[in-house]
Structures are given as C-alpha cells and as structure tokens.
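Student: Sequence:
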Amino acid sequence: MAQVDTDRFIRDLNELRKIGEYKTGVHRPTFSPEDMESRRWLMERMRECGLEASMDGIGNVFGRHPGPGLHLLVGSHIESQNQAGWLDGALGVVAGVALARAGLPVDVVAFADEEGHYGSFIGSRSLIGLLEESEIDRLTNRYHGKPLRQALREAGLEGVARPRLDPARYKGFFEMHIEQGTQLESQSLRTGVVTGIVAIWQFRIMIEGMQDHAGGTTMAERKDAGLTAVRLLARIDREFPMLCGPRTVWTCGRIALDPGAPSIIPGAAEVLFQIRDIDTAVLERLERCMRSVVQEMNRTERTVTTVEVMSQSKPAPCDPAMQAALAEAATRHANGQWQHMPSGAGHDAQYMARVMPAAMIFTPSINGISHHWAEDTKEEDLALNIRIMADAAEAFLRG
Numbered sequence: 144m145a146q147v148d149t150d151r152f153i154r155d156l157n158e159l160r161k162i163g164e165y166k167t168g169v170h171r172p173t174f175s176p177e178d179m180e181s182r183r184w185l186m187e188r189m190r191e192c193g194l195e196a197s198m199d200g201i202g203n204v205f206g207r208h209p210g211p212g213l214h215l216l217v218g219s220h221i222e223s224q225n226q227a228g229w230l231d232g233a234l235g236v237v238a239g240v241a242l243a244r245a246g247l248p249v250d251v252v253a254f255a256d257e258e259g260h261y262g263s264f265i266g267s268r269s270l271i272g273l274l275e276e277s278e279i280d281r282l283t284n285r286y287h288g289k290p291l292r293q294a295l296r297e298a299g300l301e302g303v304a305r306p307r308l309d310p311a312r313y314k315g316f317f318e319m320h321i322e323q324g325t326q327l328e329s330q331s332l333r334t335g336v337v338t339g340i341v342a343i344w345q346f347r348i349m350i351e352g353m354q355d356h357a358g359g360t361t362m363a364e365r366k367d368a369g370l371t372a373v374r375l376l377a378r379i380d381r382e383f384p385m386l387c388g389p390r391t392v393w394t395c396g397r398i399a400l401d402p403g404a405p406s407i408i409p410g411a412a413e414v415l416f417q418i419r420d421i422d423t424a425v426l427e428r429l430e431r432c433m434r435s436v437v438q439e440m441n442r443t444e445r446t447v448t449t450v451e452v453m454s455q456s457k458p459a460p461c462d463p464a465m466q467a468a469l470a471e472a473a474t475r476h477a478n479g480q481w482q483h484m485p486s487g488a489g490h491d492a493q494y495m496a497r498v499m500p501a502a503m504i505f506t507p508s509i510n511g512i513s514h515h516w517a518e519d520t521k522e523e524d525l526a527l528n529i530r531i532m533a534d535a536a537e538a539f540l541r542g
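Counting in the working numbering, the sequence shown runs from 144 upward without gaps.
Source of the hints: derived by calculation from the structure; they are not laboratory data. A few of these clues could be false.
Pairs of lysine-lysine, DSS-like flavour, derived with a Cα cap of 30 Å [what the hints assert, rightly or not]:
(1) 289 x 166
(2) 521 x 161
(3) 289 x 161
(4) 457 x 166
(5) 314 x 457
Pairwise CB distance ranges (calculated) [to be verified]:
(6) 377 x 144: 52 to 58 Å
(7) 417 x 523: 32 to 38 Å
(8) 452 x 277: 17 to 23 Å
(9) 283 x 402: 36 to 42 Å
(10) 394 x 510: 17 to 23 Å
(11) 363 x 293: 50 to 56 Å
(12) 293 x 197: 37 to 43 Å
(13) 358 x 389: 19 to 25 Å
(14) 380 x 164: 37 to 43 Å
(15) 515 x 384: 48 to 54 Å
(16) 455 x 331: 24 to 30 Å
(17) 187 x 331: 36 to 42 Å
We treat Cβ as the ideally placed atom computed from N, Cα and C, and that holds for glycine.
Work out the full structure: start from the sequences and follow the hints.
Tutor: Written out as structure tokens, the structure is:
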C-alpha cells in the first residue's frame, strides 16, 4: 500500500492557504497576483515530488510524472471565488501532490478558472479541445469586465501554447473535493463516494407587460410584469415537488424588473432560473412542467411570457470501477461512516469524464458552508480521505 504523508498533506494545504489569505479563507480570483503566486507555489511542490511542472497558455498548471506506463490524472483548481473558502478546489490539487509524493504514477493538474471569473470551465475545456481562440477573444471578467486576453497578457501567458491531453496516457481521473452541503455532516458520515455530477439546465424567462404610472393606473388596468414573475415562480415552486427526484434542486438566481423604479409599474421582467439533477428524465419532466405553467399563465395573465434555454448540460456519471475502488477503501478506513452520493455542483471532473473514466470523493463541509471564507473541514477528515483516495488510486491502477 502507498504510504501517504497526511501531516505533509495538511501542512501543504495550510501553506497554500496563506496565499491570498482572507479572514479564515482566501481571496484568489483567477489571474490575480495572488492566483499567479499560488500557481508558482504549486509548480515548486510538483518539482519537489519529481514531477515535470509547466503552465499552459490558459493558466493550467500541470505536473507530469516521468515514468512509463498508464498513469492517473489527479487534480482540481486553486483559484477561488471572491472572499471564499480555503479548501474548495485547493483540496483536490494538493491531494494530487500527496499521491505523487507517495510514489504513485500520477500527473497532477490545477485547472484554470473553474470558478468562472472569465468563463465556464475554460481550463478543463481547453485541455480536451473544447475552448476555441474565438471564445477566448470574447470572454471578459464577470466582476470588472477585464478582457481575458488582457488578463492572460498581464499574467505572462500571452502566446503560450495550450496543448491537449492525451487520454491514452491515463487509466482515469480522480478529484477530491469538499461536499459543499450538509448530507455527510448531518448523518455523522466522513466520506462520500460520488456517483455522478448533476446536469444543470438554465433558462431565461422573459415577461412583457406595460410600463405605466404607479399612482394613476388602476389595478384592473395594469399589465404588471413584476407580479407575473412572482406568481409564476410561486406556481413552479408548488408544482415541482410532485415531479422532482430526491436530490433535485431549483433556483431563481435573478429577477430584473424594467425600469426598476418604485413609482413605475414594471413593463418587463427577466427571470434567470436553474434546475439541477443527476437524471435527465427528471429534468425533462420539470422543463415540461415549467412550460405548461407558462402556457397556462399566458392564458390567465395580462402579460406575455416566453422561455429561452440558456444551457443544458449533461449529467456525468462516475466510472463504476473507480467508484468500487473508492468504496472498498472507504469501507476499510471508515466502515459505516461513508455513503454513495451525487454531486449537486459542477466540477472539472465532468469534462475529464468526456475523455477518460473519472471519479470523485467528498469530504464533509462543516455546517455545509462553501464559497464563503468560513468554509472548513476537520483535519482528521482531511487525513482520512487522503488515505482512502491513495488506497483507491493504487488499487484501481493494479486492477
């Protein structure tokens, strides 16, 4: 069995935590000085483990094992959301370093911008050939508008090549991550073996009414797009529970009223609405329900509502053999304290799963907190899960 150094693993995590430190978390937005410092720090850790370290033209940091034969790819990301947690992403990358240090034939990767400051999974998509130069030309930072090309130039990455992965080199991809929820902690469990990553379906719902004066227009005369939006969402929230799966979630992330003034009846409303589930059939059922609600409200309301599909990703099931290796190792190290579970969040693993077998392991999140500086996991759970992952990786390579 590979002997993983759990003390060094936790020490590395805490050392990386100091770069961009913010309260008990970190602030390392993609391509910020703090983010680039963390990437250089990571390359040094990779070299210490005997890996050949490099950074490509989109910011992916790669540590290549020099040995022959089939390898595993292990990693995640190290940039963070703004004023966010110290483990999200960083945990999976440092786990890869720990496995390499233990002598396993792994390549370690830190994908760029998983958190989406500039785009959607641009690092992992670049590695599998799904990021075109034309998209890089178009992308800007969602917070301050800086063009991605400018950010790459300032980071010293302008003109650097973006090589693609060779899937034939790998037997599979492993990613360790915090759960970002309460399912493990609420059941006093210490490990989650991920069954798959949910699909995310996003819609823009547009409601057209009539802008008018809030004082001079009677209630009987109004075509209030804002009230229609509220009634529509309430109706969806009543209907969905009768059709959803056990882990389905739906979210209205934005309601924008036009013109958005207190004394003007909204003439238009934009609603951004999202559904997540591991089962495509459930998502299709919920979309049909949503559209039937819209159709009914167009008959009864004095406004007109239309639905636009923004994106519809596919669920990414985890590889059965890799799941089995993780389950066997979890039983050995934490018998009765682990479970199979889906991932309700998106991860780079869903893109790696398009080109090679992939699997994930979850550690508990204290109070379920994620994307916030208070995010944390007990050290004993971090140590337990890196041992499980190391045993699973070694067993899967032998199998």
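Student: I'd like to know which numbered hints this structure contradicts. Please list them from smallest to largest.
Tutor: Those not satisfied are hints 4, 9, 12, 13, 15, 16.
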